[in-house]
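Chains as they are written, first to last, in our numbering: chain L, 13 to 264; chain Z, 56 to 331; chain Y, -4 to 316.
Keep in mind that the hints were calculated from the coordinates and are not lab data. Cβ atoms here follow ideal geometry from the backbone N, Cα and C, with glycine treated the same way. Worth double-checking, as some hints may not be accurate.
What the hints assert, rightly or not - Computed list of lysine-lysine pairs in DSS-like fashion (alpha-carbon distance at most 25 Å, straight line):
id: 1; chain 1: Z; residue 1: K214; chain 2: Y; residue 2: K20
id: 2; chain 1: Y; residue 1: K20; chain 2: Z; residue 2: K221
id: 3; chain 1: L; residue 1: K43; chain 2: L; residue 2: K130
id: 4; chain 1: Z; residue 1: K214; chain 2: Y; residue 2: K159
id: 5; chain 1: Z; residue 1: K233; chain 2: Y; residue 2: K307
id: 6; chain 1: Z; residue 1: K62; chain 2: L; residue 2: K83
id: 7; chain 1: Y; residue 1: K20; chain 2: Z; residue 2: K153
id: 8; chain 1: L; residue 1: K43; chain 2: L; residue 2: K236
id: 9; chain 1: Z; residue 1: K153; chain 2: Y; residue 2: K307
As the list claims (entries may be wrong) - So these bits of chain Z aren't anywhere near chain L, every CB distance computed over 10 Å:
id: 10; residue: S57
id: 11; residue: L58
id: 12; residue: F68
id: 13; residue: L106
id: 14; residue: K108
id: 15; residue: L218
id: 16; residue: E219
id: 17; residue: G228
id: 18; residue: L236
id: 19; residue: F245
id: 20; residue: V279
id: 21; residue: T292
id: 22; residue: H302
What the hints assert, rightly or not - If we take Cβ atoms under 8 Å as the criterion, some of the chain Y residues that face chain L in the derived model are:
id: 23; residue: M47
id: 24; residue: Y59
id: 25; residue: D69
id: 26; residue: A192
id: 27; residue: Q197
id: 28; residue: E199
id: 29; residue: A200
id: 30; residue: L202
id: 31; residue: L204
id: 32; residue: A206
id: 33; residue: T207
id: 34; residue: I214
id: 35; residue: A215
id: 36; residue: P218
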Amino acid sequence: MEVKISVQGLNAWFGSKQALKDISLDILEKKITAIIGPSGCGKSTLIRCLNRMHEVVPGARVSGKVLLNGKNIYEGDVDPVDIRRRVGMVFQKPNPFPTMSVYENVAAGLLLNGIRDKNRLSEIVEKSLKQAALLEEVKHELHKSGASLSGGQQQRLCIARALAVEPEVILMDEPCSDLDPIATVKIEDLITELKREYTVVIVTHNMQQAARVSDYTAFLYLGKLIEYDDTARLFEKPQKELTERYITGRFG
Amino acid sequence: MSLGWRKFKDRAFTCLAALSVVLAMVPLISILYAVLKMGLSSINLDFLTGLPKPVGEPGGGFGNAIHGSFIVVGIASVIGLPVGILAGVYLAEYGNNKIGRTVSFVADVLTGVPSIVTGIFAYVLVVLSLGTFSAIAGGVALATIMIPVVVRTTEEAMKLVPLELKEASLALGIPQWKTSLRIVLSTARFGIITGALLAIARISGETAPLLFTSFNNRYWFDGVLNPVATLPVMIYTYAISPFEEWHAQAWGGAIVLIFIVLMLNVCVRFAARQRY
Amino acid sequence: MNFFPFFIHRREKLRKSITADNLFKLFTGGIALLGVIGLAVLILKELILGSMLSIEAFGLGFLYQSVWDPVFNDFGALPFIYGTLISSLLAIVIGVPLSLGIAVYLAEIASSKVRAIITPIIELLAAIPSIIIGLWGIFVFAPFMREHIAPPLQNYLGFLPFFKGPAFGLSFLTAGVVLAFMIIPIVSSVSREAILAVPNLQREAALALGATRWEAITIAVLPYARAAIFGAVILGLGRAIGETMAVTMVIGNTPQIVASLLAPGHTMAAVIANEFTEATGDLYLSALIEVGLILFAIAMLVNALARAIVWKFLRVKGGEA
């Protein structure tokens, strides 16, 4: 099993407030890794460091290393724009571009990268919508506004949009928290399918979801990595007491 | 499209955006520089307190114009501020219905009345009725500009007062009208005064409404039913005249006018920042 | 223990305050209605009354006749409508890109320190009285245009009808540029508000796809805010249409309809400012008032459109954000 992303001694700050303290873990290729923990523990901050989105916030900074395929993404000669194409992200609240159609939303990333050929675009859009399990539902309405879809469909649209640029890793920041249970199930099924081709890292506050969907789970508390293990092992036989208290619902 | 080309575009457009900021500041700096450079030499005590002299005679001043401006702006404020503030109070306190919103919208649109049109309005309403140009006509024209502006700033200032404050007052048994006046108005007083001062600053600089209402006068103020000299009109008259000495005095007048207007603006904004 | 006087006293007090409440509401409401709606109606009424003579004499022809002859009492407003249109369009063409650049820079690119310094400076430009801008226009800017801008325009672009003919400093172009500067504060500040109202999630969506900052602005931010930016542009148009002093001092005050932007022209506001006090004869005066009526109507319509667009956007987006 290859290590896709290796986090080494990662610290992150918002101004003077430290959100992540010395995090080290290895994310394995083509597996689903979940990050769990109570509110404010730094889970979102952690994955936003994996695609250099954390630094977009004014006053935010990072120290330590994040190796993607062995190369530190925070090295001076690395372009964050390039990293963000290779490490895609889906957000908690679906955010399709409302002034663009479904088709244009999925194609957005492609157009940015200079792909203009109509045929190639259609091909990739279709493939991405299929991978996101959305094609059947929208294939006759590709011209409709991205915002006209239901919540669950919008989130799948965002996933399709992220998939279109052929990333190596997909980060998901609580992708189902804004959705109803039926939409959630559809997306969880989708995530399980995705690991065939992509490495997935998913932040969730829903432990059952983590247990259902992921291969590996990392438990964060107050900015520190408490435990990181095979999901089955972490939930059945947690090594740390803190972990045990969290997963049994004693707090958080 | 290579990443390099995209990064280049990113940097290029950022430069263009910064350039537009610089370009916008150029006229500002040029204007302030020109006013100071050309007008400073005209400023002396005689200029600020004396009457204009006939062409050819050196010296003379804009004393009557400065005085006249205060009078006309004063008349406008006496008409415009009470009307504007009371109307704004109504819209904020009772205006949450179709009529209120319509009135607010109309006031907003009226803030865009071309200033020359307010001059025509005051001309037909006051000058034709009285048969003469007058300070009152000028005041009415300026009040027409002032009212919509003050209505909106007052309304917005009052709306900023938190609902909880109003509810607390009403829950204590204080009647609605007392609540509006004593509690809300006084809490919002800073915003209302700011709005009023900015409106005064704005009308102090207006020329077009006065061209054929308060007209002009080469002597001191002589009662509100007579034409009166005002600073902006005097500057205009001297600027378009063919005489060099008069041009210099126009710049002098410009310094005084800009001083008054900018001082009002700066004071208001400075005080606002202190408070918040 | 007799409670009745107490209750009667309280009821009287309540009745008095309800009456006081109603009085207050009626009083301020009356002022609001009269001061705003009443004012608007009154302005319209006086303008129409004053224009009656001219309306009766010239009818609709006033709008498309281009003769303006005080001697023979023949008046047509077309040259002024044309001049207002051309100078305002120039103001938009030149001023809007600058305003958008400023809005984007201040909202998306500048650090908070830079923003805190630049924003009040731009607002300062709005506070300068237009007579002073006109003064600067006549003595500084118009000569600058004549000596440094017009010659290269004529040399390189002289084949275009816009830049043919002799170059006066006082011209459509000079007026257009001056107006552009004057609308920058309003267009850039409303655009900036619109851009700031775009939810951060939209920006992040674009950035997460691997967009550069500028790409995120063009594909996510600006399209989202485009309605309000459009409203801001229309607001700027309204401002340019109504501007009087700065324009009359730099446009040359020559009623003519020519293609060359380097030639002098006239606008509705400028002709009123120039000729009102010289107007001999009732028809002349009435014609000028009718020009004012047309100006009022156009400015009010444009402003109403702009305000409606901006109100709608800010209310909707404000609710969402």
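For this structure, which hints from the list above don't hold up? 3, 4, 5, 10, 11, 23, 24, 25 and 26
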